[in-house]
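Single-letter residue listing:
Protein chains: 2
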Amino acid sequence: MKYNLIKILPLFLGGILFSQNTQDSLQFKNIADEMLMNGTAYENLRDLTQNIGHRLSGSAAYEKATDWAVAKLKEAGADKVWKEEVMVPVWERGKESLQIKSANGKWRSLRMTSLGNSEGTKGKDVEAEIVFVKNKADFDKLSDDAIKGKIIFFNYAFNQKFINTGQAYGDASIYRRAAASWAGKRGAKAVIIRSLSSALDDVPHTGMMRYDENDTAKIPAVAIGPKSADELEKTLKTEKVFAKLNSNCTMRSDKLSYSVIGEITGHKDQSVIVAGSHLDSWDVGEGAQDDGAGIVQSIEILRSFKALGLKNNHTIRVVCFANEENGLRGGMQYAKNVKEKNEKHVFAVESDGGGFTPRGFGLVMTPEKRKQVQSWRALFLPYGVHNFEYEYAGADIGPLQEFGVPLAELSPDSQRYFDIHHSDEDTFDKVNRRELLLGATVMGQLIYMIDKNW
Amino acid sequence: MKYNLIKILPLFLGGILFSQNTQDSLQFKNIADEMLMNGTAYENLRDLTQNIGHRLSGSAAYEKATDWAVAKLKEAGADKVWKEEVMVPVWERGKESLQIKSANGKWRSLRMTSLGNSEGTKGKDVEAEIVFVKNKADFDKLSDDAIKGKIIFFNYAFNQKFINTGQAYGDASIYRRAAASWAGKRGAKAVIIRSLSSALDDVPHTGMMRYDENDTAKIPAVAIGPKSADELEKTLKTEKVFAKLNSNCTMRSDKLSYSVIGEITGHKDQSVIVAGSHLDSWDVGEGAQDDGAGIVQSIEILRSFKALGLKNNHTIRVVCFANEENGLRGGMQYAKNVKEKNEKHVFAVESDGGGFTPRGFGLVMTPEKRKQVQSWRALFLPYGVHNFEYEYAGADIGPLQEFGVPLAELSPDSQRYFDIHHSDEDTFDKVNRRELLLGATVMGQLIYMIDKNW
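These protein sequences, in sequence, are chains U and V. The numbers in the numbering used here rise by one with no breaks, and the one at position 67 of the first sequence is 67. The numbers in the numbering used here rise by one with no breaks, and the one at position 402 of the second sequence is 402.
Hints are computed from structural coordinates only; laboratory data are not their basis. Heads up, the beta-carbon is just placed ideally off N, CA and C, and yes, glycines get one too. The reader is advised that the hints may include incorrect statements.
[Stated by the list, open to error] Pair by pair, the computed Cβ-Cβ distance ranges are:
id, chain 1, residue 1, chain 2, residue 2, range
1, V, N21, U, D33, 40 to 46 Å
2, V, T366, U, I174, 50 to 56 Å
3, V, A103, U, N38, 29 to 35 Å
4, U, G170, V, T366, 41 to 47 Å
5, V, T216, U, Q23, 51 to 57 Å
6, V, A307, U, K237, 24 to 30 Å
[What the hints assert, rightly or not] Here are the simulated lysine to aspartate or glutamate pairs, EDC-like style, with alpha carbons at most 20 Å apart:
id, chain 1, residue 1, chain 2, residue 2
7, V, K161, U, E34
8, U, K430, V, D429
9, U, K227, V, E43
10, V, K227, U, D429
11, U, K237, U, D138
12, V, K311, V, D269
13, U, K306, U, D79
Kindly produce the complete structure, drawing on both the sequences and the hints.
This is the structure:
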């Protein structure tokens, strides 16, 4: 008997058998069917990535993207769409190059990218000997003489042993963020870091760095691909190597920009559930997985709720945040406005881990609410969503935590994300239609449950 | 307190906290670390796909692949490597084309592929009117006159509503397998089917069809891509459309070929645990996900067990089966030999669902053994493996079920597989290094547990 039941199980993965509640289970299936059959997220993402492409804060492309988001939210059936003002930093890259020269005396170019927010060399060649360290502890052991006037190369590798690549990213990210500040304080001319990448290719990855307030020298910071990093380390073990860096990146004055917001009005009250993601991207690739995917998923939720005629109790608001990548100004401004308008927020969920197959949700909320969300696990299992253990939420919605808003983030499969993240490889062809729509599906399902129960 | 525990959880995803048994948990981590840090599966797959490429049974490329497998098994440290004789069918494709002509009177070409094992038109044009049906029920309603001398077009779509795409594949596969036989019996000249594909592109997918023993007319069967299929259906609703098919595919005589086997000897006894996959592929793409991935994963298990010095109780045998795609002769011959040699088999696991992130295992075994494997779930959770509910196992190891051998199949994430399966798109660049190695990791972990406990 039991054996027979097990045989039948796969046929029921549509949701009936696992469900705690048939009505919820059927609504889950309605949401899934609507998105998988009629979803527009994939074609919207094609449009955003192919016709606008990457869209760094303050760029003309970003401004185009805000108009695009307004149009798409209206097309999806939003009751109300608007742009929310926010001052954003404007970082510009310009031309850049990195050459190295070892014992053979010949300069050769490496693929490289300046780190976001970094200052450049103002178009002049900065030439110095490269000093290699594996990590911060090794760096701290160096004498000042060994650092002064040199270019410091940090080759801290992405730890492949972490099963969730987000943990490896977290582990290594201090080098991208802080290496220039560490080395600048001790008189170095520039830093080169190994890209935060799970791939073993030669693609350089950018991403945010920052100088400390008390940094007197804002030295340039650049990244090279893992292959170049390994080769450079190997050469440095037997030879002196010199680098010649030439770059033009710099931080300009802040500029007026916009987050884009669309909502469907609540049928019971005006309190708000946010589905968020960020509209800006780095100035490389197409910003497809980071975070075009989150944008089109959020819009898909609004579209499908409208198409299904779901009578949401609370207002469901899609927020396309400005400037997540190099400032988080959109998220901070949004929270400020919420406070000023005294808007009640029931819940906020973000998608900023890529449009890969969903595996779970990170949750930041009270133990009681967390337990309640976890009690819905059986409803999500037929959709492959099983992990509700992580405690994290999206960066853009993070500032809402101050007001006690329960937060979540879609937790997609993490294996492919950091191969392409913040690089020229983050392009539309890396996104799978079904994976993207399944992510939107389970976010929609979670919003449905919270809208009904909170 | 509980809140704090939850905060800490992600840090322990390496395996300690979830483990039932610290020793097993540590061994799981050793296997994972060894593969993720030193695994050769990805580079082996690059070699197989780029230097040999696709390798249909009976082809010169397949014979090259058997030598390749022998070399790789030796390199991995197998105690014993051999080729096992098996007679395989030899199907040859040759040149092929499909043109259609509607009311405008102009012939235009469609991307197409003959289905595997199909007979062709012997290089002559076969021209006829196309008759469209959506499914078998519609076909059955047609009069004999409506079928006789026509080319029947079955446009049964891959059902996007199934969350596990394997179910959609199972649902639609009868059209690929049997349509030519249905239509041939009723006097049709040929059949065109919509490819079994989860993508909405225009890539045609091949795959096995078969004629019934009592089929008098072996009519040609070809597939077109989903886009062409939708366009053709649309045109057929308002206009007559004619097709002109020209193909040369045919079945030749059987040929002597080989499965390739390598093993590490058991320390306790000579009973066998099989890690299997198939070495052959269709004659399109590079046979990367289907099933080069499974081959290099199986070899990786042997390599890592040897590298870690795990003292396996039972013999661990990697079987690279011949001819899964269009005959299953390798699997059937292997089972026959097991019976003849009276070899005891403890367990067999196959990887033939692609080298995507592992999600679980399909299990075919007694309820008691199934329950025991499911009791290990907590050990696998830190590796993202959560689903032990499916009841299926690999095709190649299937014939071992007759002898009561407990069987399993790796169940990877299914979203991307049928976009590329049996098509020109099944190439190395579709495989992710970490996903591939994680699949090998969890197969190795399952083998470790069974070797220890059974």
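Each hint tested on the structure:
Restraint check, N21 (chain V) to D33 (chain U): a C-beta distance of roughly 42 Å satisfies the suggested window 40 to 46 Å. In this structure, T366 (chain V) and I174 (chain U) meet the distance hint of 50 to 56 Å, their C-beta atoms being roughly 51 Å apart. For the pair A103 (chain V) and N38 (chain U), the supplied restraint of 29 to 35 Å holds, since their beta-carbon distance comes to about 31 Å. Between G170 (chain U) and T366 (chain V) the CB atoms are about 44 Å apart, so this pair conforms to the stated range of 41 to 47 Å.
Here the CB-CB span from T216 (chain V) to Q23 (chain U) is close to 54 Å, well matched to the stated 51 to 57 Å. Between A307 (chain V) and K237 (chain U) the C-beta distance comes to about 26 Å, which sits within the given range of 24 to 30 Å. Pair hint K161 (chain V) plus E34 (chain U) holds up; C-alpha atoms about 9 Å apart against a cutoff of 20 Å. Straight-line distance between C-alpha atoms of K430 (chain U) and D429 (chain V) comes to about 11 Å, which keeps the hinted pair within the 20 Å bound.
For a cut-off of 20 Å, the pair hint linking K227 (chain U) to E43 (chain V) stands: about 15 Å separates their Cα positions. Between the alpha carbons of K227 (chain V) and D429 (chain U) the distance comes to roughly 18 Å, so the proposed pair stays at or under 20 Å and holds. A threshold of 20 Å between alpha carbons decides the hint, and for K237 (chain U) with D138 (chain U) the separation of about 15 Å falls inside it, so the pair holds. Taking the CA atoms of K311 (chain V) and D269 (chain V), the gap is about 12 Å. The hint holds against a cut of 20 Å.
The hinted pair formed by K306 (chain U) and D79 (chain U) meets the criterion: a straight-line CA distance of about 10 Å does not exceed 20 Å.
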